[in-house]
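J.: Each chain, letter by letter, is given below.
Number of protein chains: 2
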Amino acid sequence: MQSKTTHCKIVDCTIRDGGLVNNWDFSVEFVQHLYNSLNEAGVDYMEIGYKNSPKLLKGADSAGPWRFLDDDFLRKVIPNKGQTKLSALVDIGRVDENDILPRSESMIDLIRVACYIQDVDKALELVQIFHDRGYETTINIMALSNVLENQLVEAFNLINESVVDFVYIVDSYGSLKPTDMSYLVDKFQEHLPNKRLGVHAHNNLQLAFANTLLAAGKGVELLDSSVYGMGRAAGNCNTELLVTELQNTKYNVRPVLDMIEKHMIPLRDKVEWGYIIPYMITGILDEHPRSAMALRSSDQKDQFVDFYDQLTTPEMASK
Amino acid sequence: MQSKTTHCKIVDCTIRDGGLVNNWDFSVEFVQHLYNSLNEAGVDYMEIGYKNSPKLLKGADSAGPWRFLDDDFLRKVIPNKGQTKLSALVDIGRVDENDILPRSESMIDLIRVACYIQDVDKALELVQIFHDRGYETTINIMALSNVLENQLVEAFNLINESVVDFVYIVDSYGSLKPTDMSYLVDKFQEHLPNKRLGVHAHNNLQLAFANTLLAAGKGVELLDSSVYGMGRAAGNCNTELLVTELQNTKYNVRPVLDMIEKHMIPLRDKVEWGYIIPYMITGILDEHPRSAMALRSSDQKDQFVDFYDQLTTPEMASK
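The listed protein sequences correspond, in order, to chains A and B.
When the count follows the UniProt record's numbering, it moves up by one through the first sequence with no breaks and lands on 319 for the last residue.
When the count follows the UniProt record's numbering, it moves up by one through the second sequence with no breaks and lands on 319 for the last residue.
Hints were generated in silico from the structure; no laboratory data involved.
All values derive from a computational prediction rather than experimental measurement.
Beta carbons are placed, not taken as given, at the ideal position from N, Cα and C, and that holds for glycine.
Any given hint could be a false lead.
Said to hold, decoys possible - Simulated restraints on C-beta separations: (1) A/H191 x B/K9: 36 to 44 Å; (2) B/E105 x A/K262: 55 to 63 Å; (3) B/Q189 x A/H7: 27 to 35 Å.
Construct the entire structure; sequences and hints are all you get.
T.: Right under this line is the structure:
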């Protein structure tokens with residue numbers, strides 16, 4: 001087992017993925033404290049939100065500003081940018097390319113395009129546009145655990161012909177075991193010999209950190225995480241664990257502990273994420289956590305056996 | 001990476017290791033519900049407590065009956081024993097061998113002897129006694145992350161000459177990374193070619209399940225876990241994850257979900273274990289969680305940065 005991880009960079013997704021938990025209701029002070037903590041900790045990228053367009057999304061009014069990043073606003077939030085670069089995620093069909101300034105006029109360094117396997121072609125069109133405007137780019141293929149090999153190989157062919165810098169292995173349902181992650185990294189490396197790789201893990205089976213470490217040890221470069229694991233449903237790989245365990249003397253856990261103490265513990269008292277049994281159940285069943293999120297919002301939130309029975313009764317199962 | 005796990009057996013430690021959290025204050029009804037759940041789930045062993053002697057231990061009066069198991073009492077608790085065998089742990093210097101009935105007269109099937117590396121000789125004397133009385137036996141060498149290789153090789157020589165059935169790799173401080181676990185399993189297998197192995201992991205770095213799966217994939221047979229991870233400090237590998245992910249059709253997660261819903265969720269509201277930052281800190285520093293447990297019992301329980309500074313300031317560090 002290879003264990004060198006000096007090639008890795010951390011992409012903290014606390015605001016972007018964590019916003020899926022609290023509808024991006026983070027104060028400016030919270031985001032500023034996070035940016036300063038990550039910068040002091042040596043974290044390479046902070047994904048500060050989505051760069052989707054409110055015109056293209058229902059229910060946009062209620063969300064916080066991190067869902068629809070605006071460059072003028074960002075300049076006020078982070079008046080003194082440090083070493084930590086900024087990243088934004090866009091979704092196919094929800095981004096207006098006219099909103100994207102040239103990188104030289106923007107606070108953002110990296111734009112990541114999330115898509116399902118059937119939209120890889122559309123994602124790569126967006127990647128080309130962002131690349132031409134000067135950004136670093138990634139394509140994040142979601143729900144890989146539900147993708148057939150032939151579809152994946154077709155996508156690889158398109159990706160090989162594209163300008164995208166990084167290709168992500170995304171464990172959307174938190175269902176990948178280490179043997180699965182190992183298989184996927186091998187597969188991506190075999191088919192994408194000239195592309196650099198990233199990994200985005202979810203913690204439904206308490207494997208997000210282990211799978212991320214495993215991918216890192218095999219040569220994957222961009223590692224997604226969030227502080228105290230904040231992210232949709234079971235959450236993500238924990239930033240505080242990555243900065244501690246990656247072999248890189250520039251990382252420092254202390255500012256991340258400060259962020260957890262000051263902001264994440266009080267926040268976790270108000271909204272929930274992490275290893276919670278309904279999310280573990282959707283993880284073992286390899287499906288989207290939306291049914292579990294609905295359960296957790298109901299007054300049956302701790303009725304695990306009924307929930308399990310519903311999802312595993314043939315006529316009720318989603319697939 | 002090997003992934004076959006059909007050779008594995010699960011040893012649920014909820015009562016024994018979880019008792020370290022609540023001073024073994026489990027009701028008889030709780031323990032009966034757990035036994036029935038584990039039996040229905042196909043779990044192989046339930047470690048129902050310690051078989052230490054109250055005469056040899058300070059502060060024994062306040063602890064629940066699971067700290068000093070009594071065979072007459074056990075017969076009442078579990079009048080209808082199923083397929084799930086019973087296990088008890090003993091500590092060097094705290095067990096009176098006169099308390100141990102022949103196995104034919106006891107409810108207990110497996111006796112495990114926990115020791116530090118310097119007491120392996122004493123542990124093996126006890127193992128011989130229990131073996132002669134008909135029990136299955138294990139030796140659990142604690143705090144392996146702090147043991148020098150030469151001491152370990154000396155211990156292996158003693159173990160090779162002994163009658164012990166299983167030798168445990170114990171990650172007492174929850175500090176082992178997958179590469180460390182892989183190294184230790186290789187080392188144990190190389191030096192103990194005729195012994196069977198077990199693994200006991202702690203979850204300080206969210207690696208207990210991953211490390212247990214990794215050990216299982218390399219041929220380790222006995223896998224310790226507890227329901228909902230209940231165990232000292234950061235807790236253990238989760239039984240519900242093992243019964244789901246091990247390749248064995250006899251396992252069934254549903255009764256474990258029922259136990260979590262009925263008993264573990266209400267209990268977790270009263271006492272705490274799991275991924276809690278001070279335990280993560282002792283994990284990354286590879287030391288005993290006692291300082292973190294003291295912090296969590298104080299009114300500074302969420303002052304993570306001060307705690308980290310204390311443990312990492314040279315004159316304050318424990319080693």
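J.: Does each hint hold? Answer for all of them.
T.: These are the hints, each one checked on the structure:
The hint said 36 to 44 Å for the Cβ distance between A/H191 and B/K9, and at roughly 39 Å that hint holds. Judged by the Cβ atoms, the range 55 to 63 Å given for B/E105 and A/K262 holds: they are separated by roughly 59 Å. In this structure, B/Q189 and A/H7 meet the distance hint of 27 to 35 Å, their C-beta atoms being roughly 31 Å apart.
When the structure is compared with the earlier hints, no violation turns up for any of them.
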